[in-house]
Amino acid sequence: MKNVGIVSYGAYIPKIRIKTEDIAKAWGKDPETISKGLGIIEKSVPTLDQDVATISVEAARAALKRCRINPQDIGAIYVGSESHPYAVKPTGTIVAEAIGATPIIKVADYEFACKAGTAAIQTCMALVKSKMIKYGIAIGSDTSQAAPGDALEYAASAGGAAFIIGGDNIIAKINETCSFTTDTPDFWRREGRKYPAHGGRFTGGPAYFRHIISNAKNLMEKTGTKPEDYNYAIFHQPNGKFPLRVAKMLGFIPEQVKQGLLCPYVGNTYSGATMIGLSSVLDVAKPGERILLASYGSGAGSDAFDITVTDLISELPRNNAPLISDFLNNKEYIDYAVYAKYRDLLYYD
Amino acid sequence: MRDVAVIGIGLTKFGELWDKSFRNLIAEAGSKAILDSGISGKEIDALYVGSMSAGRFIGQEHVGALVADSSGFAHMHIPSIRVESADASGGLAFRQGYFSVASGMNDIVVIGGVEKMTDVIGAEATDTLATSLDQEWEAFFGSTLAGTYAMIATKHMHDYGTTREQLAQVAVKNHANGALNPYAQFKRPISLENVLKAPMEAYPLTMMDCSPVSDGAAALVLCAAEKAKKYTDKPIKIIGSGQASDTLPLHGRKNICIFESTVYAAKMAYKQAGIKPKDVDVVEVHDSYTIGEILAIEDLGFVKKGEGGKAVENKITTFDGEIPVNPSGGLKAKGHPLGATGVAQIAEIVMQLRGEADKRQIKNAKIGLAHNVGGAGATCLVHILEAM
Amino acid sequence: MVNGAVPRFWREIPQRYNLIGNQCGVCKKIFFPPRESCPECRRKSIGKMKDIKLSGKGKLVTYSIIHAAPKNFEGQIPYPIGIIELDEGPRLTAQIVDCKIDDIKIGMKLESTFRKIQQDGYIGAIYYGYKFKPLEDKK
Numbered sequence: 001m002k003n004v005g006i007v008s009y010g011a012y013i014p015k016i017r018i019k020t021e022d023i024a025k026a027w028g029k030d031p032e033t034i035s036k037g038l039g040i041i042e043k044s045v046p047t048l049d050q051d052v053a054t055i056s057v058e059a060a061r062a063a064l065k066r067c068r069i070n071p072q073d074i075g076a077i078y079v080g081s082e083s084h085p086y087a088v089k090p091t092g093t094i095v096a097e098a099i100g101a102t103p104i105i106k107v108a109d110y111e112f113a114c115k116a117g118t119a120a121i122q123t124c125m126a127l128v129k130s131k132m133i134k135y136g137i138a139i140g141s142d143t144s145q146a147a148p149g150d151a152l153e154y155a156a157s158a159g160g161a162a163f164i165i166g167g168d169n170i171i172a173k174i175n176e177t178c179s180f181t182t183d184t185p186d187f188w189r190r191e192g193r194k195y196p197a198h199g200g201r202f203t204g205g206p207a208y209f210r211h212i213i214s215n216a217k218n219l220m221e222k223t224g225t226k227p228e229d230y231n232y233a234i235f236h237q238p239n240g241k242f243p244l245r246v247a248k249m250l251g252f253i254p255e256q257v258k259q260g261l262l263c264p265y266v267g268n269t270y271s272g273a274t275m276i277g278l279s280s281v282l283d284v285a286k287p288g289e290r291i292l293l294a295s296y297g298s299g300a301g302s303d304a305f306d307i308t309v310t311d312l313i314s315e316l317p318r319n320n321a322p323l324i325s326d327f328l329n330n331k332e333y334i335d336y337a338v339y340a341k342y343r344d345l346l347y348y349d
Numbered sequence: 001m002r003d004v005a006v007i008g009i010g011l012t013k014f015g016e017l018w019d020k021s022f023r024n025l026i027a028e029a030g031s032k033a034i035l036d037s038g039i040s041g042k043e044i045d046a047l048y049v050g051s052m053s054a055g056r057f058i059g060q061e062h063v064g065a066l067v068a069d070s071s072g073f074a075h076m077h078i079p080s081i082r083v084e085s086a087d088a089s090g091g092l093a094f095r096q097g098y099f100s101v102a103s104g105m106n107d108i109v110v111i112g113g114v115e116k117m118t119d120v121i122g123a124e125a126t127d128t129l130a131t132s133l134d135q136e137w138e139a140f141f142g143s144t145l146a147g148t149y150a151m152i153a154t155k156h157m158h159d160y161g162t163t164r165e166q167l168a169q170v171a172v173k174n175h176a177n178g179a180l181n182p183y184a185q186f187k188r189p190i191s192l193e194n195v196l197k198a199p200m201e202a203y204p205l206t207m208m209d210c211s212p213v214s215d216g217a218a219a220l221v222l223c224a225a226e227k228a229k230k231y232t233d234k235p236i237k238i239i240g241s242g243q244a245s246d247t248l249p250l251h252g253r254k255n256i257c258i259f260e261s262t263v264y265a266a267k268m269a270y271k272q273a274g275i276k277p278k279d280v281d282v283v284e285v286h287d288s289y290t291i292g293e294i295l296a297i298e299d300l301g302f303v304k305k306g307e308g309g310k311a312v313e314n315k316i317t318t319f320d321g322e323i324p325v326n327p328s329g330g331l332k333a334k335g336h337p338l339g340a341t342g343v344a345q346i347a348e349i350v351m352q353l354r355g356e357a358d359k360r361q362i363k364n365a366k367i368g369l370a371h372n373v374g375g376a377g378a379t380c381l382v383h384i385l386e387a388m
Numbered sequence: 001m002v003n004g005a006v007p008r009f010w011r012e013i014p015q016r017y018n019l020i021g022n023q024c025g026v027c028k029k030i031f032f033p034p035r036e037s038c039p040e041c042r043r044k045s046i047g048k049m050k051d052i053k054l055s056g057k058g059k060l061v062t063y064s065i066i067h068a069a070p071k072n073f074e075g076q077i078p079y080p081i082g083i084i085e086l087d088e089g090p091r092l093t094a095q096i097v098d099c100k101i102d103d104i105k106i107g108m109k110l111e112s113t114f115r116k117i118q119q120d121g122y123i124g125a126i127y128y129g130y131k132f133k134p135l136e137d138k139k
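Residue numbers (our numbering), protein chains in the order written: chain A, 1 to 349; chain B, 1 to 388; chain C, 1 to 139.
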């Protein structure tokens, strides 16, 4: 079977941040309790002129800056998000046009809560393996919504990452992928509604933990690996605590999780979360290193990947585009009033 | 080409005229001008009317016919021509009417200029003003007309050391003048502080650097000079007319601190008149924004490029200054009903040259100049008039 | 209410998304947006204008901060707007983002970024295009 893997990658996180304590103060909560309880210090905020389309374009352009791929050789773009700017009209067409990949290209938008981006990777893998396309771009990106005052407001943030999937010049080989899916209504947003709703603590045990743990175990069984075989483990990160707890339950140690855990500094970027985590790992990864990634999407499902970094990563000009650490350092804070403006909480028409 | 003279003027008050419609305004100004000239309606060969955006402000196009009808000329079937070049529409209507009489095709024409801006909300007016810019490559990206002039101001301050206070002094001077003009929208003097502390419109310009949203109309009667004395003792002859264009977007220009359209239109008008800038006694310039007046006095040749701010500070452009600019109060204080402005400027020059400007009369004014700009300088008209 | 007018925006997508200008085949001067013919070479340039993708890097010629905005921009105030001279020569007007208002200076180096420019109310189309941000030294 032909190899398949990541040829290049790029990410984008908006520059604006709001501190958890500032959101807590706005709702009369104790800032420290909230911040420590969630393990989130601050989160990224999109400005009014940023949405999933602009974030996806920036991420895809960053990925292209790191390789010499002719955009016309890209045969597919799948954008996974739960906050596409249009309910009907694809984000992917905007991305395809903005990177010069139109018109001979397959495009569709995906939605599976926070795992739509990893679903896009799987689709691109299949298309590459079946030789239907030479390269495909899988994007996970969100400007996730949260109702004012809801617990989600501390986490729901903005960011995304794009992965060019192909069969040659691979910097990270995807050895195996598998999914675990059930019908579990832990979190949703109804058609036409602005903000999502969720089942509170129900989003934990039967949802996040069950799906990730089952799926990661299945993956390791398929590949015959153990937690200690991995240099890095990346888990979906709705807050700063869950990924560390799920890691521990699976037998990973915090050191394996750290490089891919961005939630404390950027919040939950939903479809972008594990993909930005993977970008952060690829920013520093060395040839031969092994990565386990398990995403989670409410509703519910998990996609897991067993990835091995190849020798070619040393030749990838990673500095041709901003590293995740650059995004973490390049920030500007706003208060809750400006946040309300940027997130269009002051709806008027 | 034969000589042409202005033999009648008519103005409405400028301002927020809630109870007056577009057609009320132009009919009022037109009939005032006709009465002032002493002609009879039957003698009119054509109407020329300048209006920038009746379509957006009142949802009405076909303005030529509307003006003929509302002025009571529809049954006489007088040709009526609507002319548009953004807020230089009035000046352009004047020039087209002038050509038609100078050519011998017409003997007497009435020129009108009108805008009814207050029937829409402020943001809609801002949008409409921005249609005088390049819609696709400036306005689309969020630029506004004020913002475009503000970018000129930023650059002028950067390149020539023009100060924020000097810009404000233009407004202070024009408000002092406007206080003496019964037709003006604002008849109260203001302080430097009033301008500097006003809410920001587009940095570095505050709301008080900008002309207001106004309703109003103005009209003129033009007549072949050889027949003018039949109607009036004080015909005012048109001795120079110039018009020039420039790139529609500001960013298309090599030096954004020069309105080349003004430079070229002025050159054309001065040449025809056979005069130099120093021969001009009174000037009405297009100060839709304070920086506009500074550019105008530079580009018209009254001061060197970059010295406009200093000239204002040194009071060269006040009533008793070397070159009095905008004795009417200018667009800033008199008001700026877009299409009416170019016509109203000439009406002011006519009043000055007739010696009928009352408290704001410039002593011994023999030659006057009117400068009307469309948008951010993509069109400019310069007219020079002289008492016969 | 929706204004529509989508074709007017759609037509300019290559320019707005990817800064596609053109170059006169005779004098080599570069234009943005593309011109039908070169204003210098005039008839000699007809049929010799070639599309060219611009780098999106340039410097700030002048700027303003908009406080009274057109309808589709009212939620964004205050926002900076500037004239940018691209490295290839052409100038354009665009918003400046990711920069504190006090840090904006004439002559500063900028690069293009992909942003939402405006939307036709809450139900009409969304229009994307270029804005400019400070050029990062490293990248």
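The set of hints was computed from the structure by calculation and includes no laboratory data.
Backbone N, C-alpha and C fix where the C-beta goes; we use that ideal spot for every residue, glycine too.
Be aware that one or more of the hints could be misleading.
[Stated by the list, open to error] Partial selection, computed: residues in chain B whose CB lies under 7 Å from chain C:
#, residue
1, E43
2, T131
3, G142
4, G147
5, K155
6, M200
7, A202
8, Y203
9, H251
10, E260
11, Y264
[To be verified] Reference excerpt, derived from the structure (chain C facing chain A, CB under 7 Å, subset only):
#, residue
12, Y17
13, V26
14, Q76
15, D98
16, F114
17, R115
18, K116
19, G124
[As the list claims (entries may be wrong)] Under the rule of at most 20 Å between Cα atoms (straight-line distance), these lysine to aspartate or glutamate pairs were calculated in the EDC-like manner:
#, chain 1, residue 1, chain 2, residue 2
20, C, K133, A, E289
21, A, K194, C, E36
22, A, K89, C, D120
23, C, K71, B, D159
24, C, K71, A, D326
25, C, K59, B, D159
26, A, K15, C, D98
27, A, K15, C, D103
28, C, K53, B, E136
The hints, checked one at a time:
1. E43: 45 Å, violated
2. T131: 10 Å, violated
3. G142: 5 Å, holds
4. G147: 5 Å, holds
5. K155: 4 Å, holds
6. M200: 4 Å, holds
7. A202: 5 Å, holds
8. Y203: Holds, about 4 Å.
9. H251: It holds, given that the least Cβ distance between H251(B) and chain C is near 4 Å, below 7 Å.
10. E260: 14 Å, violated
11. Y264: 16 Å, violated
12. Y17: Hint on Y17(C): holds, closest Cβ of chain A at ~4 Å, below 7 Å.
13. V26: 27 Å, violated
14. Q76: 6 Å, holds
15. D98: 5 Å, holds
16. F114: With Cβ-Cβ at 4 Å, under 7 Å, it holds.
17. R115: Given a least distance of 4 Å, the restraint on R115(C) holds.
18. K116: 4 Å, holds
19. G124: 11 Å, violated
20. K133(C) x E289(A): Distance ~36 Å between K133(C) and E289(A) Cα, so the pair is violated.
21. K194(A) x E36(C): 45 Å, violated
22. K89(A) x D120(C): 15 Å, holds
23. K71(C) x D159(B): 32 Å, violated
24. K71(C) x D326(A): Cα-Cα ~35 Å, so violated.
25. K59(C) x D159(B): Distance of about 16 Å is within 20 Å: holds.
26. K15(A) x D98(C): 7 Å, holds
27. K15(A) x D103(C): 15 Å, holds
28. K53(C) x E136(B): 19 Å, holds
The structure does not agree with the numbered hints 1, 2, 10, 11, 13, 19, 20, 21, 23 and 24 stated previously, though it agrees with the rest.
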